[in-house]
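Protein chains: 2
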Amino acid sequence: MEHSHTPAAAEADGDAYRIRPLQLADLSKGFCDLLAQLSPSPPLTEDAFRARFAELAALGADHLVLVAEDAATGQLAAAGAVLVERKFIRRCGLVGHVEDVVVGAATRGRGLGERLVRRLVEHAKGRGCYKVILNCTPELRGFYAKCGFVEKNVQMGLYF
Amino acid sequence: MEHSHTPAAAEADGDAYRIRPLQLADLSKGFCDLLAQLSPSPPLTEDAFRARFAELAALGADHLVLVAEDAATGQLAAAGAVLVERKFIRRCGLVGHVEDVVVGAATRGRGLGERLVRRLVEHAKGRGCYKVILNCTPELRGFYAKCGFVEKNVQMGLYF
Numbered sequence: 000m001e002h003s004h005t006p007a008a009a010e011a012d013g014d015a016y017r018i019r020p021l022q023l024a025d026l027s028k029g030f031c032d033l034l035a036q037l038s039p040s041p042p043l044t045e046d047a048f049r050a051r052f053a054e055l056a057a058l059g060a061d062h063l064v065l066v067a068e069d070a071a072t073g074q075l076a077a078a079g080a081v082l083v084e085r086k087f088i089r090r091c092g093l094v095g096h097v098e099d100v101v102v103g104a105a106t107r108g109r110g111l112g113e114r115l116v117r118r119l120v121e122h123a124k125g126r127g128c129y130k131v132i133l134n135c136t137p138e139l140r141g142f143y144a145k146c147g148f149v150e151k152n153v154q155m156g157l158y159f
Numbered sequence: 000m001e002h003s004h005t006p007a008a009a010e011a012d013g014d015a016y017r018i019r020p021l022q023l024a025d026l027s028k029g030f031c032d033l034l035a036q037l038s039p040s041p042p043l044t045e046d047a048f049r050a051r052f053a054e055l056a057a058l059g060a061d062h063l064v065l066v067a068e069d070a071a072t073g074q075l076a077a078a079g080a081v082l083v084e085r086k087f088i089r090r091c092g093l094v095g096h097v098e099d100v101v102v103g104a105a106t107r108g109r110g111l112g113e114r115l116v117r118r119l120v121e122h123a124k125g126r127g128c129y130k131v132i133l134n135c136t137p138e139l140r141g142f143y144a145k146c147g148f149v150e151k152n153v154q155m156g157l158y159f
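Chains as they are written, first to last, in numbering that gives the first Met the number 0: chain A, 0 to 159; chain B, 0 to 159.
If you're looking for bench data, these hints aren't it; they were derived computationally from the structure. Check the hints yourself; a few may be wrong.
Chain copies aren't distinguished; within one or between two, either way the pair holds.
As the list claims (entries may be wrong) - With a cut-off of at most 20 Å between alpha-carbon atoms, the simulated EDC-like pairs for lysine to aspartate or glutamate come out as follows: (1) 28 to 68; (2) 130 to 84; (3) 145 to 99; (4) 145 to 98.
Isolated chain A, as found in the complex:
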């Protein structure tokens, strides 16, 4: 997900890819294929997709999934999510968690990932979060630094 686009390329992409919230119709626009480039994601049935979509919709502005649609093909070229955590610390502060950012292999290097991440960050800021955090592999530090993030801590995990 390294980027080295020129301003001209970024301008062109502004027309070529439309960033918008996930829609029910996106299951047939390559959403699962895109996610499979990030993590094991077998194709979802229409029912499973609709059920999860409805659960997330019920969370309103506290969970946003954005996708970038390729205007030429109608297929999805990138996706990412942000969820809002409600805390007690910092005067009942809110924290945005950026998750599952993926740019399709064919579309990398055009600044689309950065545009998408900035949109997720804007959403969290508009929702009143005092910070946005994410976890990434060490190789992606440079990409997220370009998006305005600084390295903070260590991520640990426990797998069942």
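Use these hints to put chain B onto chain A, whose structure you have.
For chain B alone, coordinates are given in the frame of chain A:
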């Protein structure tokens, strides 16, 4: 939050501290003082605490705050939370995020933090999560390793 308790100490703590979900009455049991040991947390008004408590209660099993109450004093000695994220990847998988774990300074070194974290992990497992993740400072790697976590990635943050 370093621990070096003996089995005997752990056993005694099993009676001395009761780990249970956060309650409305906990505002007067030192909840904000405890959180202030973790992060800037000015005292909350009763209204602010009740409002956030209700928001989290509405999330049901998807957001759990546990506290440890000192049986002798009735004050809170530790707290921690886990929230469940609903994903599309991994067949609409669920991920638990452990947040805001704090053990009061006077109670550290008795294994209470580990007991609390293990309870949060159990909750996430019971809820069907395929993993639990958390972010911590490098100094706490050893503590979380003892709780069953392995180091995975880098945490990055963007502060507004």
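Now the hints, each set against the structure:
When the C-alpha separation of residue 28 and residue 68 is checked against a cutoff of 20 Å, the pair qualifies only within one copy, where the shortest distance is 9 Å, while the shortest distance between copies is 51 Å. Proximity of residue 130 and residue 84 under a CA criterion of 20 Å is satisfied in both settings, with 11 Å inside one chain copy and 18 Å between copies. Proximity of residue 145 and residue 99 under a CA criterion of 20 Å is satisfied intra-copy only: 18 Å inside one chain copy versus 28 Å between copies. Taking identical chains as interchangeable, the C-alpha atoms of residue 145 and residue 98 lie at most 20 Å apart only when both belong to the same chain, with a minimum of 17 Å there against 26 Å between chains.
The structure shown violates none of the earlier numbered hints.
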